[in-house]
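Novice: In case you want the letters, here they are:
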Amino acid sequence: VVFIFVFGWQGYMHLKATPAHAHEIYVEAHQWKWGFRYENGYEDDVLHVPVNEPVRLVMKSSDVLHSFFVPAFRVKQDVIPGRYTDIWFEATEAGTYRLYCAEYCGTDHSQMKTFVKVHEAGGFEKYLDEGLAKMMNLPPVELGKLLYEKKGCKQCHSIDGSSGKGPTWKGIFGQTHTMTDGSQVLVDENYIRESILNSTAKVRSGFNPIMPVFQGKINDRGVQGLIAYIKSLK
Amino acid sequence: MEAHPETNHGDDHGHGFAHVASVKSLILTWGTLMCLTGLTVYASTIHFGSNSMNLLVAMAIAIVKGTLVIVFFMHMRHEKPFHVIIIAAGILFAVLFVSIGLIDTGQYQDDVVWGSYDPGAQPTTSTTP
Amino acid sequence: MSHSAHEDSGQSPFIAHHYDNARHQFEAGKLGIWLFLVTEILFFSGLFVAYIIYRYHHPEMFEYANRYLSVKAGAINTCVLIISSLTAAWAVRAAQLRQRKTLITCLAITVVCAFAFLGIKAKEYAHKFHMGTYWGEDFDPCETPDLTPIDCAERHEGHEAAAGKAEATAAADTTAKPGAEAAAGTGEAAATAKPGEVKLPDRVAAGVPPHTSYFFSLYFGMTGLHGIHVLIGAGVFIWLLIRAIKGHFSPDYFGPVEYAALYWHLVDIIWIFLFPLLYLI
Amino acid sequence: MSTFAPGPSFFRASHGLRSWLFTLDHKRIGLMYLCGIIIAFLLGGLFALGIRVELFFPGETIVGPDTYNRMFTLHGAIMVFLVIIPGLPAALGNFILPMQLGAPDVAFPRINLTSLYLWYIGAALLLVSLFSGNAVDTGWTFYTPYSLNSPASVIPVVAGVFILGFSSIFTGLNFITTVHKFRHPKMTWFKMPLNVWALYATAVIQVLATPVLGITLLLLLAERIMGIGIFDPTLGGDPVLFQHFFWFYSHPAVYIMILPAMGVISELVTTFSHKPIFGYRFIAYSSIGLALLSFLVWGHHMFVSGQSPLATMIFSALTFTVAIPSAIKVFNWVATLYKGAITFQTPMLYTLAFILLFTIGGLTGITLGALSVDVHLHDTYYVVAHFHYVMMGSGLIAFLAGLHYWWPKITGRMYHEKTGQICAILVFIGFNLTFLPQFVLGARGMARRYWDYDPRFETLHQLSTTGAVILGFSLLVGFINLVVSLKRGRKAPANPWGATTLEWEAPSPPPLYNFTAPPELPPIYDYTNLVYDPDEGGYIRRPAQATDTSAAGGEGPGSSPAGEPSRS
Ligand code: HEA
Ligand code: HEA
Ligand code: CUA
Ligand SMILES: [Cu+2]
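Protein chains in written order, with our numbering: chain D, 52 to 285; chain V, 950 to 1078; chain S, 33 to 313; chain X, 10 to 577.
Check the hints yourself; a few may be wrong.
Unchecked claim - Cβ pair distances, simulated, as ranges:
| id | chain 1 | residue 1 | chain 2 | residue 2 | range |
| --- | --- | --- | --- | --- | --- |
| 1 | X | T70 | D | A73 | 39 to 49 Å |
| 2 | S | V103 | D | H72 | 55 to 65 Å |
| 3 | X | N143 | D | K221 | 25 to 35 Å |
Said to hold, decoys possible - Below 27 Å or equal to it, Euclidean Cα-Cα: the simulated DSSO-like pairs (lysine-lysine) are:
| id | chain 1 | residue 1 | chain 2 | residue 2 |
| --- | --- | --- | --- | --- |
| 4 | V | K1029 | X | K190 |
| 5 | D | K216 | D | K201 |
| 6 | V | K1029 | X | K195 |
| 7 | X | K200 | V | K1029 |
| 8 | X | K284 | X | K348 |
| 9 | V | K973 | S | K133 |
| 10 | D | K201 | D | K282 |
| 11 | D | K205 | D | K282 |
Calculated from the structure, these hints are not laboratory results.
Virtual Cβ for every residue (Gly too), placed ideally from N, Cα, C.
Build the full structure now, drawing on both the sequences and the hints.
Specialist: This is how it looks when you write it as structure tokens:
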């Protein structure tokens, strides 16, 4: 028994002792999506890491508990709102691995999964630089479309006119909507901006105030992109 | 007077099967408790060097008061040892609960973004959309 | 249960059939009540754990926030409880010695004290609510402990209602937001105050530490749970009082008085700890 | 041989609905628990089948993710709070404990009845959300902040569990007092049946741990209703603190489930080996040891929760210490079996299944206690398999063993032995088929509480579902067998198995108040004087020694006589 303990403990200490020169990746978990931001500022919903180099993940949740779990690497760490937790690992073989959420977090807990892409030597940096460049140079409508997919808007908002957890985006620009407090609001640039950054300020009647606050998570260019994208959905 | 071990504490004409507390001991206990209440209020107005010192003083007084109540009002002094063990066990487990909780939260407290936590806050500001 | 007497033994009629004798019943009950007290200790321990942990990590906030509470009210309540504890203990003695008058007096005083305690507590609560020192999210004080008025939602509400604005409620809603943000310590709190309003310093400017609401969560949690125990105790003592008047208790049968008194002492002890922890330091 | 209370059995002692609703008789109360618990178990099992069927194929098989989440939450909550925690102590324990002590009733019959009603109220609250169309979906652990954000009706469920907690506390309190104050005058601590020791240890945990569950849930309620912010991170609270609170209760709670099971098994092992128990004192002490150690290991559920490394390490080390008392028990049981004259009746088959399954469950628990292993296995099906091995495979199987063992005593009827045996074997097979594949699944990275899964896991899931169907079927037949025996079964003798504890000295079913005066105390776990009597269909005591004062009416020595017994 003592042996098992010591063995388990050593393995654990190894897990906790992060090497000094690890790449840092910032992880944000929310219902039910993973988001990763890299050192150069590029963001993606798939985790990209270099092979044979230690990677340190700094993780935070924006709503409930989640847990970062990659069975192939034998790593798991809960992600907690209001606090940073971290974990490190070093992938030893290039390839694509599955990444799950292991802490129950609501309806789509079982769908909260993505991949870890382990790049061959050199591929990682290249991918990041290219990704960033691409993102910076996208025209607004394209950028909006990208964010729609990557930031999780897609989970609640449709672009085909059907209502999900949130109202559809199709054709809303220019309409007038009734809010839960009875007031009428014209959907214009300002309203959309407010809805994105501080969604609960005005809640459309017939819907619950469940939309996350995106203040600080989407910058100005992003918001403009989204507005342009919503406008484009006729 | 019956010769039960619990009752041979000799005030009053004990009858039955439990210790009968004397009026004197009750009043004395009560008086002490009242004085200690005054003392702790007074103590909180003076500063003993540091706030934790004040905390310590107040807790020391509270513990003394609690003990007095247990020993005299609840006549723990004449209780069966087993009952004493039960209460001690209860307190022990409560302390255990506190201390391990404290050890743990103390360790990770640095990572906590304490307070009405703002979901927008990020370690570095977003540069990309 | 069995009210037909055990004539043969001349025992009190309240000895349940499955006990050998009065002593057996008393001791079983005593063991039971001690065990129950243990569960009570552990029950409260949860709150103490929360208190200790938050206090340990954020002492300054606690030191500040306790000044909101009235030491006088707390001290009076402490005395009230200690008096009632004395009478409870005395009641046990009286029951053991078949002093019926004393027993009834003691029980009556205990009940009165219990309600006095609750009355004072209710007044304190009412004051807190009035001041806006609620728990958690709703914490929104209108004054600092030194009575400096500060900006709070309630003022807005009053102000706007006076101005006859239509969206009074909506406005109150939005003004509550900056309050919440102040709690976040972002600093840019109630600067959104409506024009034409008397500018009061907001909470942060007035020096209320962030998350003072926490203290009040604990305050209401701990005193609330304690209050419920006092209320239950009061009920039990009323029941005892009625039975004492009916003359049910005797040196052979005073268990219920003893058990209730033990419970009551425990409630008292818990308050003895709560008082300094919340009011004094 | 002994002195029974005169008069008819406790079933017939009085009549009418009121005589049951307001009864203070521990046997009737135990029986009412038993009914409720078995119904709850079937309901929980039905949800389990729902879970398994849904997992037959990846993606949606019969229900969507929301319904799935509700099913496993209710399954977990029902099984834990309604079935396994009260199952052995409150239902069987209530019936058996006073009789094993030679007592007329528990110490506080009215509190006992209160516990029963609390159980029913708690159960009603727990289940009411089923009909509101908005059943809970938080998992049985109610982790914050999800339990605060979830749109489901968390409040009644948490309130229900809170009330169930009190039911459990009162039962514990009652049992401790009963053991202290109502033992047979000649029964010293080390002459108590091992089942009593186990129930006593359980009661200690119930009294010390359950209040913490109470306060935890109360705070959760306050949090949800009023937003006091202790556990809510958006208000500055600490969600990990909730986990500490929860597991401070819930780890000890798993020993509330297993200790009485171990007690039952200790009785059965010796009875069916017809051989004295090996290492009586070790088993007795290890029960108490487990009870105390159980308070020191709760953090092993939180290794990856963001708990500090220091606490993690301490908890891991302590977790291994609980293996020691468990190991002592297993070794002693096996030693008792060794060279015993074992008869393979239904209860014994369940007992053997228990020993095997508990060993597997316990050993996998140990692997989970090893830090680096748990990091990988935490919240996977490996854990699911572990706890089903110890809860279903050990706790519930022991409940079934006990139920079959005491059934003749409770009802006065023998069930069909062959059917019982076949069911026991099928349960064992079905169980292993259900949960063995889950160890593999977990090790391969199948996370728990997943409605959907990768196609590569499909075969193993299908095996597991098949097993569950076999298991469910054999359990159902097993219960039907018992129910049928009520009408069709042969009359049970006083001592059908040749057991030595006091309850078998009373007729089956026992009369109200069990014994008038304390019965004679047979030497415990001494089988030399028990012989099978074909006329009786059971065992009787051979009057071997001269000291064995003959039949009825022997006044219990020592204590004063009780009041008139049968008057109600
Ligand atoms: C009846 C209930 C029960 C019992 C008895 C146990 C018994 C044990 N459990 Fe289990 N456990 C649960 C119910 C139970 N557990 C539940 C419900 C969960 C999950 C909760 C949830 O998250 O939903 C859980 C989860 C759980 C975890 C957390 C896993 C995770 O979520 O990551 C761990 C980790 O340490 C653990 C460990 C143990 C250990 C060490 C024992 C020990 O007591 C076992 C001791 C027994 C033996 C060791 C076997 C007998 C001994 C021998 C044959 C001798 C030889 C062996 C040695 C010398 C080692 N359990
Ligand atoms: C005592 C505890 C106990 C018991 C006995 C069981 C019994 C079973 N459990 Fe349970 N289980 C838990 C406690 C228990 N479980 C807990 C605590 C969880 C965690 C929940 C959470 O994550 O929050 C869990 C989770 C859990 C999961 C994981 C869900 C997930 O993580 O996604 C699975 C999946 O296979 C499962 C399956 C089963 C099966 C097949 C049985 C079988 O053994 C059941 C067999 C019984 C029957 C099949 C009933 C027989 C009766 C009929 C068929 C007839 C019905 C008729 C009428 C009602 C008239 N359980
Ligand atoms: Cu996120 Cu589960
Ligand atoms: Cu555990």
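Novice: A separate judgement is required for each hint: does it hold in the structure or not?
Specialist: To see whether the hints hold, each was checked on the structure:
no., hint, result
1, X:T70 with D:A73: 39 to 49 Å, "holds, 42 Å"
2, S:V103 with D:H72: 55 to 65 Å, "holds, 57 Å"
3, X:N143 with D:K221: 25 to 35 Å, "holds, 30 Å"
4, V:K1029 with X:K190, "holds, 13 Å"
5, D:K216 with D:K201, "holds, 17 Å"
6, V:K1029 with X:K195, "holds, 21 Å"
7, X:K200 with V:K1029, "holds, 23 Å"
8, X:K284 with X:K348, "holds, 9 Å"
9, V:K973 with S:K133, "holds, 19 Å"
10, D:K201 with D:K282, "holds, 19 Å"
11, D:K205 with D:K282, "holds, 16 Å"
Violated hints for the displayed structure: none, as all numbered hints are satisfied.
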